[in-house]
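Construct the entire structure; sequences and hints are all you get.
This is what each chain is made of:
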Amino acid sequence: MFLGVDIGSSSSKAVLINPLGEIVGQKAIQMGTGTVGAKSVEQALLEETGVKRSDVLFAVVTGYGRMTYPGCDLQITEISCHAAGVCFSLPGTRTIVDIGGQDAKVIRVDQAGRVVNFGMNEKCAAGTGRFLEVMARVLGCRIGELSALAGKSQNTVKISSVCTVFAESEVISQLAAGAKIEDVAKGAHNSVATRVAGMCNRIGVEEAVAMTGGVALNQDMVKSMAAALSVPICVPESPQTIGALGAAHFAREKYGRL
Amino acid sequence: MDKKISSKKMLKEMMAEHYSDALKRKAEGKPVVWATSIIPQELMEALDIAVVYPENHAAAIGARKDAPVFINHAEANGYSVDICSYARVNMAYADILESEAENIPIPDMILSGSNICCTAIKWYENIAKKFNIPMVLIDSPFNMSYDVSAESVKYIRKQIENAITQLEKLAGRKMDYDRLKEVMKVSNENAIWWKKATDLLANKPSPTNGFDMFNYMAPIVCLRGNEKGTRLFKTWYEELQANVDNGVGPWQDQEEKYRVLWDGIACWPYLKDTYVKLKSNGINVVTSTYPESWTLLYEVGDLDSMARAYGGLYVLRSIDYITDRLSALATGFKVDGIVFHSNRSCKGMDFKQFEIARRLESKFGVKYVFFDGDQTDPSTFSLAQYETRIQALVEMMEGNRQREVHGI
Ligand code: SF4
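Chains as they are written, first to last, in this note's numbering: chain H, 1 to 258; chain C, 259 to 666.
There could be a bad hint or two in this list.
Pairs of lysine-lysine, PhoX-like flavour, derived with a Cα cap of 25 Å [to be verified]: (1) Lys453(C) <-> Lys284(C); (2) Lys535(C) <-> Lys254(H); (3) Lys453(C) <-> Lys592(C); (4) Lys267(C) <-> Lys323(C); (5) Lys453(C) <-> Lys254(H); (6) Lys453(C) <-> Lys443(C); (7) Lys152(H) <-> Lys223(H); (8) Lys254(H) <-> Lys530(C); (9) Lys462(C) <-> Lys530(C).
Partner residues aside, some chain C positions facing chain H, computed with beta carbon under 7 Å [what the hints assert, rightly or not]: (10) Phe612; (11) Thr646; (12) Gln649; (13) Ala650; (14) Glu653; (15) Met654; (16) Gly657.
Hints were generated in silico from the structure; no laboratory data involved.
Note that beta-carbon positions come from the ideal geometry of N, C-alpha and C, so glycine has one too.
And the structure:
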């Protein structure tokens with residue numbers, strides 16, 4: 001068995017694959033680096049699949065918390081792992097838009113799933129999952145409800161501030177002025193999409209485009225992103241665990257080669 | 259001076275002397291000029307006027323991680339966070355007049371060159387106003403054309419002549435044009451040794467790590483016009499040449515696995531961190547666009563030629579020129595990748611980076627990475643983010659190698 005662990009800023013993910021590269025199990029929990037999240041996700045996955053740790057031949061860790069996670073054989077950046085993961089689940093992908101808890105990335109890959117080029121958000125949490133978390137809190141909904149809410153929007157509100165903190169006060173005043181929460185939710189999606197689209201265009205968008213990361217679970221967000229880029233966007237079955245899947249594939253590839 | 263003294267030791271001593279000498283001269287009642295870093299220093303050297311470079315001083319403060327005190331002071335005085343942090347540090351220093359890094363004397367005149375950036379104009383106007391002293395500006399237009407135009411040369415030359423007149427007043431004597439010629443000769447010689455030394459890094463393995471080059475930037479800024487500089491850069495060159503001859507690489511404990519070009523100013527507050535992360539990945543910086551700006555070569559005794567050199571700095575050039583220049587560096591130094599320091603302080607140098615990166619990638623398939631930082635302000639840099647980006651660069655450079663080896 002081969003294990004891939006992805007420790008993000010706000011969640012931890014793990015994927016097990018067998019020597020044929022088939023997924024044996026995958027898991028995500030909402031606890032990121034610096035917490036017990038990574039260890040627990042690994043344990044939970046092993047328990048759930050009935051795989052013993054000693055059966056894991058090689059393990060690769062990725063993500064923001066990769067440097068400090070013990071017990072893996074190798075650490076690889078989330079950039080390469082996302083590329084590898086997408087290459088396996090959505091072959092033919094050339095551009096990956098990955099929006100995670102505290103960063104947003106655009107990754108261009110070649111036919112072999114290797115990174116050609118990438119861009120990441122700079123300086124702040126604008127255009128990331130954290131922005132949406134803050135918006136959900138202001139709107140009084142759960143992050144998982146944003147998609148359905150935004151889907152109902154008839155009259156999208158424009159959020160002009162890219163700074164998460166300023167956008168929060170902007171939204172509060174808009175709500176106070178009578179804006180509907182679904183319109184604000186859609187505005188939040190568009191704000192993230194515009195910000196990330198700027199980065200995509202800088203790197204250059206080549207089709208097919210896939211979206212990964214926890215934020216890709218939000219269907220309306222994917223819609224906003226596709227509209228901002230004017231291209232269709234595919235989402236893998238389990239967008240949140242793509243980095244871990246890529247890590248598991250690297251584990252399989254590197255086993256015996258290092 | 260003892261022949262065997264290492265260039266590193268020389269550098270330290272000479273820089274300490276540079277600062278103490280300026281303070282001493284001020285104490286003796288002699289005039290001191292504050293100048294921008296790539297100014298015709300030849301004029302002051304020839305007139306024997308002490309000159310200090312606030313950018314260099316601010317970098318020294320930044321490297322000690324002392325900048326926040328100054329930055330906060332400047333911001334409290336109303337200066338925006340968006341202003342170059344060298345400017346913020348220096349404008350605060352002009353108030354505080356005390357730093358643990360070094361101290362510089364209060365100026366009697368400002369000589370500012372817009373060839374480095376436009377920030378330098380307003381920054382020094384404020385300093386001149388604060389101390390109620392004259393400011394002389396040498397304005398250099400941005401070169402829309404590929405080369406420096408004849409009009410620009412004329413325009414800059416006139417201003418150099420004006421600067422001479424103003425400096426003569428300050429010095430209380432006339433310019434000795436034979437002496438100026440001598441200084442021009444020394445300055446060119448120093449630039450040549452500087453270039454010869456830094457060019458040696460094109461060897462594989464490179465005879466030193468490129469961060470060393472950043473250390474030698476203080477003297478190329480401050481000692482470019484005098485014989486001390488010649489001694490120093492010549493010694494450095496000889497040391498590097500000896501390494502090349504003996505096949506000595508940048509590190510004793512490690513091989514040079516990847517060679518990169520560093521674009522932008524060093525991230526002084528995190529010089530060690532940025533270096534260590536590169537080294538731990540086997541990455542050596544072998545060349546950089548920034549230090550090259552001091553390779554100022556012109557015809558000795560010819561003010562037009564001098565004007566052309568100062569007006570033709572890298573930052574004043576079009577994207578086409580810069581792309582060609584970077585392409586030449588990338589191939590000449592056989593680099594595997596480029597690290598772009600996206601430094602929000604220095605707009606002129608950094609805002610074109612995205613386009614340059616895009617052009618270079620499509621031209622050579624060279625891999626590059628951007629990281630956020632600042633030359634002095636420690637608050638904009640994140641080590642974890644830097645680490646991820648550098649590691650991703652390694653993974654991409656490896657991908658390139660695989661492609662070369664396996665042809666896929
Ligand atoms: S903006 Fe750039 S060139 Fe101008 S003073 Fe600051 S660092 Fe130097």
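Right, here's what the structure says about each hint:
| no. | hint | in the structure |
| --- | --- | --- |
| 1 | Lys453(C) <-> Lys284(C) | 33 Å, violated |
| 2 | Lys535(C) <-> Lys254(H) | 23 Å, holds |
| 3 | Lys453(C) <-> Lys592(C) | 17 Å, holds |
| 4 | Lys267(C) <-> Lys323(C) | 23 Å, holds |
| 5 | Lys453(C) <-> Lys254(H) | 43 Å, violated |
| 6 | Lys453(C) <-> Lys443(C) | 15 Å, holds |
| 7 | Lys152(H) <-> Lys223(H) | 13 Å, holds |
| 8 | Lys254(H) <-> Lys530(C) | 32 Å, violated |
| 9 | Lys462(C) <-> Lys530(C) | 23 Å, holds |
| 10 | Phe612 | 6 Å, holds |
| 11 | Thr646 | 5 Å, holds |
| 12 | Gln649 | 5 Å, holds |
| 13 | Ala650 | 4 Å, holds |
| 14 | Glu653 | 5 Å, holds |
| 15 | Met654 | 5 Å, holds |
| 16 | Gly657 | 4 Å, holds |
Checked against the numbered hints above, the structure breaks hints 1, 5 and 8 and satisfies the rest.
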